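Top to bottom, those sequences are chains A and B. Going letter by letter, the first sequence gives residues 1 to 191 in the working numbering. Going letter by letter, the second sequence gives residues 1 to 191 in the working numbering.
Worth flagging that the hints you see were computed from the coordinates, not collected in a lab. One or more of the hints may lead you astray.
One copy or any two copies: either way a pair holds, since identical chains are not told apart in the list.
[Unchecked claim] With a straight-line Cα cutoff of 20 Å, these simulated EDC-like cross-link-like pairs (lysine to aspartate or glutamate) come out:
hint, residue 1, residue 2
1, K149, E190
2, K81, E143
3, K149, E136
4, K81, E186
5, K149, E186
6, K81, E137
From a predicted model like this one, the values you see are computed outputs, not experimental measurements.
2 protein chains.
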Amino acid sequence: MEGVKKGDATRAQIVAAAAELLDSQGYHGTGINAVLSKAGAPRGSLYFHFPGGKDEIAVAAVAQTGEGIRAALVAAFERHKRPEAAVREVFQIFEARLVETEYACGCPISTVSLELSGTDSPVLEACALAYESWTEEIARALEPQLGRKAQDRASLILSLVEGALLIARSTHSLRPLRLAERHCAELIREA
Amino acid sequence: MEGVKKGDATRAQIVAAAAELLDSQGYHGTGINAVLSKAGAPRGSLYFHFPGGKDEIAVAAVAQTGEGIRAALVAAFERHKRPEAAVREVFQIFEARLVETEYACGCPISTVSLELSGTDSPVLEACALAYESWTEEIARALEPQLGRKAQDRASLILSLVEGALLIARSTHSLRPLRLAERHCAELIREA
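Chain A on its own, in the form it takes in the complex:
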């Protein structure tokens, strides 16, 4: 039997491997075998930690990715006095991601969201919770400057980031992202 610590480490490896595969291959393109092989975990450990199988792993992976981005947003807004500087930093992280992965990876949960849209999958629910938490954090950071406009602007900013990443990935161009970055700064300053 695995000890508690070793078991926790195995679980964490499976979740991390699934998060990476869902990011680059999407939901239908990610098989259980690929997750196990990437995690270097035996099949038995998978069903021990995730009796619900693929969907239970995917929910944990999306939740972890979503929380990572939420925490990164909070940290960026804390690091920068002006929220537009924090938003620019976030854009630059995504720009680096596009370049490093040759446009394979942008928002790590967007492919999964679209594949599962229209279903009642718990994985889609996890995606929705992530988007809502990101919008909340952006709105919270904009509130001192934008007041009651903060919530709407946060929603527009998230739509712009997601849409620009989608077009950038499809057309192999950073231009949509750079235009979106500049416009988001205007959306924050102009209000």
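Starting from the known structure of chain A, fit chain B onto it as the hints suggest.
Just chain B now, kept in the frame of chain A:
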């Protein structure tokens, strides 16, 4: 042997079925068998019309969908004097689509684009050509009013539409789309 007309009709049915399935299920979720069964076409006709198999069908389907939306954009901009009215009409078509399909369908090629991003698939190339043609038509329609700002604004508008549809589909809410619609009208008027 099929006559020319019957063969053309079969080909068109296969492309239409593929377009519909790629829209709602994405690339990895769409199998050749499902396309055949939806099209009511025999397997032999598929390889007769599409010796390249699934990718050749998907390229034809994405190109047809892309051309349909491009033509709809041109028609909307011709029908309305003010380009913001045409853009509003396009948003309302997508809003109706979300509601009718219970958030299963938004932009009909976005799921495929994200699934294939980072690959050198000809299907991804077809998606990129579609996005570029839509941006061109929007820019052309904005040019008389916005001059040299038209191209950048067209790119922002496409990013907003795509991102808002993605978040709307994921969160089962029309709010991101309505905010994006209002902001696109501002982007056209304000320039």
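K149 and E186: within-copy, between-copy, both or neither at 20 Å Cα: Both: 14 Å inside a copy, 15 Å across copies.
Copy assignment of K149 with E190, given that the CA separation must stay at most 20 Å: The answer is both: 11 Å in one copy and 18 Å across copies each meet 20 Å.
Homo-oligomer pair classification [E143, K81; C-alpha up to 20 Å]: The answer is within: 13 Å in one copy meets 20 Å, while 38 Å across copies does not.
20 Å Cα threshold - placement of E186 relative to K81: within (16 Å within a copy, 28 Å between copies)
Alpha-carbon proximity context of K81 and E137, limit 20 Å: For K81 and E137, the Cα distance is within 20 Å only inside one copy (15 Å; across copies 40 Å).
K149 and E136: within-copy, between-copy, both or neither at 20 Å Cα: within (13 Å within a copy, 32 Å between copies)
The structure fails none of the hints (numbered hints given earlier).
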